[in-house]
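We have chain P; now place chain A onto it with these hints.
The lines below spell out each chain.
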Amino acid sequence: MSDPLNFSLSFSVPVQKEELYDAIIIGGGPAGLTAGLYLARYKLKTLMIEKAITSGGQLATTEWVENYPGFPQPVLGSKLAADMETQAKNFGLQIVREGVTSVDFSKKVKEVRTDHDVYKAKAILITTGASPRKLGLPGEDEYHGRGVSYCATCDGPFYPDKLLAVVGGGNSALQESLFLARYARELTIIHRRDKFTAEPLLIEKAKANPKIKIQMNKQVTGLDFSNAEERKLILEDVNTSEKSELRVDGLFIFIGEKPNTALFKDILDLKGEFLVTDAHHRTNVEGVYAAGDVEVKEVRQVATAVGDGCEAAHWINEYVENWTE
Amino acid sequence: MPLLNDQTREEVKKVLDTLDKPITLDLYTLQIECGLCKDTHQLLSEIAELTTKITINLHELESENQHADTLKIEKLPAIIIKGEKDYGIRFFGIPAGYEFTSLVAAMLLVSRGELMLKPETKAFLDTLQKPVHIEVITTPTCPFCPGMVVIAHQMAYYSDKVLADMIEISEFPTVANKYHVEGVPRTVINEKIFLDGAAPEDMLVDKIKEALNV
Numbered sequence: 001m002s003d004p005l006n007f008s009l010s011f012s013v014p015v016q017k018e019e020l021y022d023a024i025i026i027g028g029g030p031a032g033l034t035a036g037l038y039l040a041r042y043k044l045k046t047l048m049i050e051k052a053i054t055s056g057g058q059l060a061t062t063e064w065v066e067n068y069p070g071f072p073q074p075v076l077g078s079k080l081a082a083d084m085e086t087q088a089k090n091f092g093l094q095i096v097r098e099g100v101t102s103v104d105f106s107k108k109v110k111e112v113r114t115d116h117d118v119y120k121a122k123a124i125l126i127t128t129g130a131s132p133r134k135l136g137l138p139g140e141d142e143y144h145g146r147g148v149s150y151c152a153t154c155d156g157p158f159y160p161d162k163l164l165a166v167v168g169g170g171n172s173a174l175q176e177s178l179f180l181a182r183y184a185r186e187l188t189i190i191h192r193r194d195k196f197t198a199e200p201l202l203i204e205k206a207k208a209n210p211k212i213k214i215q216m217n218k219q220v221t222g223l224d225f226s227n228a229e230e231r232k233l234i235l236e237d238v239n240t241s242e243k244s245e246l247r248v249d250g251l252f253i254f255i256g257e258k259p260n261t262a263l264f265k266d267i268l269d270l271k272g273e274f275l276v277t278d279a280h281h282r283t284n285v286e287g288v289y290a291a292g293d294v295e296v297k298e299v300r301q302v303a304t305a306v307g308d309g310c311e312a313a314h315w316i317n318e319y320v321e322n323w324t325e
Numbered sequence: 001m002p003l004l005n006d007q008t009r010e011e012v013k014k015v016l017d018t019l020d021k022p023i024t025l026d027l028y029t030l031q032i033e034c035g036l037c038k039d040t041h042q043l044l045s046e047i048a049e050l051t052t053k054i055t056i057n058l059h060e061l062e063s064e065n066q067h068a069d070t071l072k073i074e075k076l077p078a079i080i081i082k083g084e085k086d087y088g089i090r091f092f093g094i095p096a097g098y099e100f101t102s103l104v105a106a107m108l109l110v111s112r113g114e115l116m117l118k119p120e121t122k123a124f125l126d127t128l129q130k131p132v133h134i135e136v137i138t139t140p141t142c143p144f145c146p147g148m149v150v151i152a153h154q155m156a157y158y159s160d161k162v163l164a165d166m167i168e169i170s171e172f173p174t175v176a177n178k179y180h181v182e183g184v185p186r187t188v189i190n191e192k193i194f195l196d197g198a199a200p201e202d203m204l205v206d207k208i209k210e211a212l213n214v
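Going line by line, the protein sequences match chains P and A.
In terms of my numbering, the first sequence opens at residue 1 and continues consecutively.
In terms of my numbering, the second sequence opens at residue 1 and continues consecutively.
In isolation and in its complexed conformation, chain P is listed as follows:
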């Protein structure tokens, strides 16, 4: 691991639990952090509840971010996330690091319950984002951490000079392949379509990388990881159904996102597990808003999450200004 030593702190001041907050933000990725910044600047008493010890969500697991404006040199996802948090905290955003276990949106004052406390607010913003989607293959869970990974920055360094495969064809798959290729002896990108959906720039870089091989129109139909010395993927050609095997040491999966909406399943309108919102980022329950990757939308980028968070903050501010018990 060649990164220079860096130290940054994600920590929170103790919060007043009895307080009625103007707004509670559930989830601390780019959408939540941006909304937190704006709400704090609107002088709303705002609390963010983030289950991880560090903010950033999926951004924190991304190595280099090259398409977020304002950074002509690529910026580390972890750094960008930490800086967003610091900026929001500088304006008064409060953060608690607890997992939300249930919510009660049925009354005018909304309640958010964690393992330890109940927090109350006039308005709620859901920015729980999404988690990596799984392939759903037998053995995928069993070998998670032992050959199967969803986080290149976490686990890439464990595969020096090894054979890797990446499943996926979007920006994340290609961006993370370029990162993983630094460690791997050879890396095969497996994609089930005949075209990548990633940006052309990333596709060019991947194609130009001598360590990266590409197999299009292929899907992984099985993992044979029982022998750690000789792990194999079973591939199938989507057109001809022809089967083949691929020797790998590690499999990294970047095939999109599964929204983190289990908490809201029976309370809010969902479409394909994503939260349905209107142009003001309102859900179907008054006073409950959503922003970022968790919403039904087409484009899920840091830049769009930031925009969504900013917009939602605007409408929440208006809602809170007119709020009466």
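What the hints contain is simulated information worked out from the structure, not anything from laboratory work.
If you're wondering where the values come from, they're calculated on a predicted model, not measured in any experiment.
Hints may contain errors.
Capping the alpha-carbon separation at 27 angstroms, the derived lysine-lysine pairs in DSSO-like fashion look like this [said to hold, decoys possible]: (1) A:118 - P:17; (2) A:13 - P:17; (3) A:13 - P:51; (4) A:14 - P:79.
According to the in silico footprint, chain P covers these stretches of chain A (three or more CB under 8 angstroms from chain P) [to be verified]: (5) 95-109; (6) 146-153.
Which stretches of chain A does chain P cover? Using the computed rule of at least three CB atoms under 8 angstroms from a CB of chain P, they are [stated by the list, open to error]: (7) 6-13; (8) 133-143; (9) 180-193.
For every residue, glycine included, the Cβ atom is placed at its ideal position computed from N, Cα and C.
Leaving out everything else, chain A in the frame of chain P:
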């Protein structure tokens, strides 16, 4: 060159201003052939400068295994975070990157004693008869790792039977081989039971039960 930049220093100071009881940091280093011993010492010194509540005891060892038997310290640099007593909260390798937060969390824990463990977890820990050694294997770039480290350290704080280590694995390839580490966090209980990924408290409790056959 300081390791902590001004902004981080200020943030850390704010947190350390809330310390209650004094903290002792026992730092074990090797004089030679220890990659990050000097940096770790510098890091702790920069933190200690920000408060009057932290004392550093530096132990420069002649060999890696000098305290292998008594303190179970066989990897260097090693930090033991002590409050009123040694709770069994240790760091092996430099707590850099995301693990820096785990380090500060451990300091707060021994100084302020604020536990976040669930009542069920405490009830289980109260029943422990045999020692439990939890090793949480991490890298500085893993955002999911501090969560596991903090839970393990809280268990160590709560129970005299629990010893909890953070291991920064890139400094200890022999440990990576021994435990076949291919992903982090990887949590090892009593050197035999493994838990992969950022798992909730209950799952760690289940794995401890498995390790103890209870």
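Hints, one by one, checked against the model:
The straight-line distance between the Cα atoms of residue 118 (chain A) and residue 17 (chain P) is roughly 18 angstroms, inside the 27 angstroms bound, and the hint therefore holds. Annotation: proposed proximity of residue 13 (chain A) to residue 17 (chain P) holds, straight-line Cα distance about 24 angstroms (limit 27 angstroms). Pair hint residue 13 (chain A) plus residue 51 (chain P) holds up; C-alpha atoms about 24 angstroms apart against a cutoff of 27 angstroms. A hinted pair counts as satisfied when its Cα atoms are at most 27 angstroms apart, and residue 14 (chain A) with residue 79 (chain P) qualifies at roughly 20 angstroms.
With 8 residues carrying a beta carbon less than 8 angstroms from a beta carbon of chain P, the segment 95-109 of chain A meets the three-residue requirement, and the given coverage holds. With a threshold of 8 angstroms between beta carbons, the proposed coverage of the segment 146-153 of chain A by chain P holds, since 3 of its residues qualify and at least three are required. With 4 residues having a Cβ less than 8 angstroms from any Cβ of chain P, the segment 6-13 of chain A passes the three-residue criterion, so the hint holds. With 5 residues bearing a CB less than 8 angstroms from a CB of chain P, the segment 133-143 of chain A meets the requirement of three and the coverage assertion stands.
Check on the segment 180-193 of chain A: 6 of its residues sit with their Cβ under 8 angstroms from a Cβ of chain P, so the three-residue criterion for coverage holds.
Against the hints set out earlier in the document, no violation occurs for any number.
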